[in-house]
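Model the full structure from these sequences, guided by the hints.
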Amino acid sequence: MAKTRVDFMGRKKYFFAFSGALIVISIVALLVKGLTFGVDFQGGTSMTLIDAGGVTTEQVRDALDAAGVPDTANATIQPTDDGGYIVRTAESDTARAQEAFAAIVESLDLPEQDANVTTIGPGWGKNVTDASLLALAVSIAAILIYISIRFEYKMSLTAVLALLHDTVIVLGVYAISGREVTPNTIAAVLTILGYSLYDTIVVFHRIRENAAGLTKMSFMDMTNESINQVLMRWVNTGLIQVIPVLALLFFGGETLQDFAFAMAIGLLAAAYSTVGLASPLYAIWKEREPKFQALKRKYEAQASK
Amino acid sequence: MKLKPTNTLALVALVALIALSVWQFWPVEDRITQGLDIKGGLSVTLTAEALPGAQLSEDTMGRVETILVERVNGFGVSEATVQRQGQSAFLVQLPGVQNAQDALRLLGEPGTLEFVDMTSVTDTATIELIGRQLEAEYSGETTSLPKLDAAGYEPFMTGEVITDARVTTDELGNPAVSVSMDGAGAKTWGEVTSRLAAFQGQVMIALDGYAKSAPAVQTAILDGDTLITGSFSVDEAKGLAAILQSGAMPADIEIDEARVVGPTLGKESLNQGLVAGLVGVALVALFMVAYYRGLGLVSVISLFAYGALMLGSLGVLSRMNAFALTLPGIAGLILGIGVAADTSILIFERLKEEIDTGKTHRSAAKSAVRHAIATSIDADVVTLVSAIALYAFAIGPVRGFAFTLILGIVIDLVAALLFTGPVVRMLAEGTMSKAPAFWGVKGGGTRG
Numbered sequence: 001m002a003k004t005r006v007d008f009m010g011r012k013k014y015f016f017a018f019s020g021a022l023i024v025i026s027i028v029a030l031l032v033k034g035l036t037f038g039v040d041f042q043g044g045t046s047m048t049l050i051d052a053g054g055v056t057t058e059q060v061r062d063a064l065d066a067a068g069v070p071d072t073a074n075a076t077i078q079p080t081d082d083g084g085y086i087v088r089t090a091e092s093d094t095a096r097a098q099e100a101f102a103a104i105v106e107s108l109d110l111p112e113q114d115a116n117v118t119t120i121g122p123g124w125g126k127n128v129t130d131a132s133l134l135a136l137a138v139s140i141a142a143i144l145i146y147i148s149i150r151f152e153y154k155m156s157l158t159a160v161l162a163l164l165h166d167t168v169i170v171l172g173v174y175a176i177s178g179r180e181v182t183p184n185t186i187a188a189v190l191t192i193l194g195y196s197l198y199d200t201i202v203v204f205h206r207i208r209e210n211a212a213g214l215t216k217m218s219f220m221d222m223t224n225e226s227i228n229q230v231l232m233r234w235v236n237t238g239l240i241q242v243i244p245v246l247a248l249l250f251f252g253g254e255t256l257q258d259f260a261f262a263m264a265i266g267l268l269a270a271a272y273s274t275v276g277l278a279s280p281l282y283a284i285w286k287e288r289e290p291k292f293q294a295l296k297r298k299y300e301a302q303a304s305k
Numbered sequence: 306m307k308l309k310p311t312n313t314l315a316l317v318a319l320v321a322l323i324a325l326s327v328w329q330f331w332p333v334e335d336r337i338t339q340g341l342d343i344k345g346g347l348s349v350t351l352t353a354e355a356l357p358g359a360q361l362s363e364d365t366m367g368r369v370e371t372i373l374v375e376r377v378n379g380f381g382v383s384e385a386t387v388q389r390q391g392q393s394a395f396l397v398q399l400p401g402v403q404n405a406q407d408a409l410r411l412l413g414e415p416g417t418l419e420f421v422d423m424t425s426v427t428d429t430a431t432i433e434l435i436g437r438q439l440e441a442e443y444s445g446e447t448t449s450l451p452k453l454d455a456a457g458y459e460p461f462m463t464g465e466v467i468t469d470a471r472v473t474t475d476e477l478g479n480p481a482v483s484v485s486m487d488g489a490g491a492k493t494w495g496e497v498t499s500r501l502a503a504f505q506g507q508v509m510i511a512l513d514g515y516a517k518s519a520p521a522v523q524t525a526i527l528d529g530d531t532l533i534t535g536s537f538s539v540d541e542a543k544g545l546a547a548i549l550q551s552g553a554m555p556a557d558i559e560i561d562e563a564r565v566v567g568p569t570l571g572k573e574s575l576n577q578g579l580v581a582g583l584v585g586v587a588l589v590a591l592f593m594v595a596y597y598r599g600l601g602l603v604s605v606i607s608l609f610a611y612g613a614l615m616l617g618s619l620g621v622l623s624r625m626n627a628f629a630l631t632l633p634g635i636a637g638l639i640l641g642i643g644v645a646a647d648t649s650i651l652i653f654e655r656l657k658e659e660i661d662t663g664k665t666h667r668s669a670a671k672s673a674v675r676h677a678i679a680t681s682i683d684a685d686v687v688t689l690v691s692a693i694a695l696y697a698f699a700i701g702p703v704r705g706f707a708f709t710l711i712l713g714i715v716i717d718l719v720a721a722l723l724f725t726g727p728v729v730r731m732l733a734e735g736t737m738s739k740a741p742a743f744w745g746v747k748g749g750g751t752r753g
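Protein chains in written order, with our numbering: chain A, 1 to 305; chain B, 306 to 753.
Hints were generated in silico from the structure; no laboratory data involved. Each residue gets a CB set at the ideal place from its N, CA and C atoms; glycine is no exception. Since no wrong hints were added, every one of them can be taken at face value.
Pair by pair, the computed Cβ-Cβ distance ranges are: (1) Gly20(A) to Ala679(B): 32 to 42 Å; (2) Ile284(A) to Ala740(B): 44 to 54 Å; (3) Leu583(B) to Glu300(A): 46 to 56 Å; (4) Lys216(A) to Lys747(B): 19 to 29 Å.
Following this line, the structure appears as structure tokens:
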């Protein structure tokens with residue numbers, strides 16, 4: 001009946017090994033390199049010099065010094081695509097940051113320009129982190145409860161496990177790439193939680209449908225069959241989710257790219273983990289139930305004849 | 306094409322909703338409020354901390370808010386807002402403010418409240434400016450008058466002596482403001498009022514260099530307990546009480562976060578967002594039509610329905626002052642495109658599958674729409690749950706993202722129920738079997 005038939009479940013050991021490797025690499029990267037937190041978490045100032053009039057990074061740093069900005073040695077001065085700079089410093093006093101901006105524009109003799117200055121006090125990062133962790137906990141709890149009610153707890157636990165796997169990988173990619181973690185990154189990660197379950201739910205719906213009155217094959221084979229039945233749904237919904245995200249990544253400005261990067265990685269990981277992790281884990285767990293154990297023995301015996 | 310009453314009804318409802326939406330969001334730049342990160346301006350988050358030995362009660366927070374509103378109004382910026390966030394924070398938004406230094410100073414610092422004997426002011430320019438400031442204050446207009454020149458007047462006391470100021474009523478039941486002061490204040494106040502009462506001279510009350518009120522002294526007040534009466538509305542009385550209290554801000558105010566965005570950068574970000582959105586929609590539409598043929602066209606129309614309903618809702622919310630579109634909000638809108646198209650995919654794939662089992666188009670469509678929407682609801686609810694958690698618990702700009710995403714998911718389900726589902730069923734009634742290749746499905750069997 002299915003047009004394409006791929007033996008996903010037969011390759012589950014490779015999937016587990018692959019996932020395990022990704023997780024280990026991510027955790028090692030997180031422990032060794034750690035995450036680079038943006039201005040929002042550390043406190044400090046980020047200012048955009050839209051038109052830098054051709055001055056060099058060193059000139060900007062000297063101007064920072066002259067403007068009395070603290071710890072300029074550790075300030076990052078990042079050139080933008082259109083000839084400006086994004087300057088990040090440790091200044092956490094809002095009014096002084098504004099003055100510094102004006103002083104820099106004047107001392108470097110830059111063209112007159114709008115101020116784009118963000119200053120974050122030292123307490124803000126903790127507030128944001130605490131709130132995000134709370135949102136994360138509530139989100140996972142709610143997802144567990146919803147899937148347990150609509151489906152069953154074994155599905156909810158394997159789905160959430162896959163989701164944690166995706167989250168760790170996204171964070172691992174951030175650690176390895178050294179990309180700055182902003183509150184937008186956190187928001188994207190939190191959204192991936194729900195989004196990444198989209199295709200998992202689609203597959204689980206089919207597994208549940210096929211599991212009713214299952215006698216003709218083992219649970220594992222049925223799971224494989226289910227994935228194949230909804231294969232095009234899995235591919236197409238994933239593609240359609242990722243297209244707008246890539247559009248944001250390539251055409252959006254700084255803020256939008258922040259979201260898009262984390263989401264793009266998250267969506268890829270999520271699409272993979274539905275088939276490579278959530279489904280086989282669920283099937284393995286289900287095959288331990290007496291009813292499906294019997295089926296498994298029956299069809300394994302047949303296969304070995 | 307034969308129309309079933311329920312399908313027709315759903316489509317009529319949708320067309321009406323879309324028309325209503327377009328009416329609500331067109332022209333976009335007037336109807337949908339833009340956030341500060343787009344239109345430019347200063348956005349500040351302040352946290353209040355209890356003074357030593359005091360508690361951060363609701364009452365204290367309320368008073369801090371009134372004082373902040375009073376200060377913000379003093380900046381003469383239209384559409385400035387002060388918003389409570391969480392337990393102890395306030396989000397202050399000042400659209401269009403570019404010179405943030407002064408604004409930040411004024412917001413974060415305890416105010417300077419001064420009492421001036423008007424008979425002691427001799428500088429004519431100062432007297433004239435006081436007159437204009439008071440006129441603006443009474444008319445409630447926001448203006449950009451300059452501050453009073455400190456050299457032009459001499460206050461006889463400052464806000465530190467005020468121990469309490471609250472709204473009350475006078476003997477006629479009209480709103481009034483009652484003021485108490487400490488011993489030193491009462492002594493000075495007694496001397497000045499004794500002198501001024503004889504000819505009902507005025508005392509000018511200035512906050513941060515702006516004249517706020519100039520009541521005429523009716524009697525000598527020796528114990529400090531003063532009642533300021535006049536033709537106040539309750540709000541005006543509250544405002545004056547807040548001004549008087551601001552000599553003693555009831556909590557420590559700290560600036561946690563300040564973002565200044567220039568209008569050019571904001572405009573540029575908005576344009577980048579629009580380009581990303583259009584490219585996203587175009588690619589999704591292209592993919593849907595290439596893969597699903599005629600059915601793909603149906604989903605393209607449903608994407609437009611999604612867009613119209615979305616913008617319409619944002620237009621209505623903007624008008625209710627409940628929404629401002631920020632960059633994270635745009636990200637939410639664009640991700641919604643994916644959510645919307647996913648529902649179509651689930652319906653179309655299920656339809657193809659049911660036709661493959663040998664069902665007629667009609668019965669396949671009926672069952673496919675029902676099953677696919679059920680799956681879609683489960684998948685959407687899970688996304689919805691995390692978006693709601695984000696909106697409810699997270700702080701900062703990401704709430705704008707969560708909000709549009711939530712709205713997007715809900716509207717997607719509405720569009721699926723009112724449009725994609727009914728249209729697929731209608732097409733399956735006749736058109737689809739006449740040209741199955743165009744609709745991207747097989748011929749269909751006879752099994753019902």
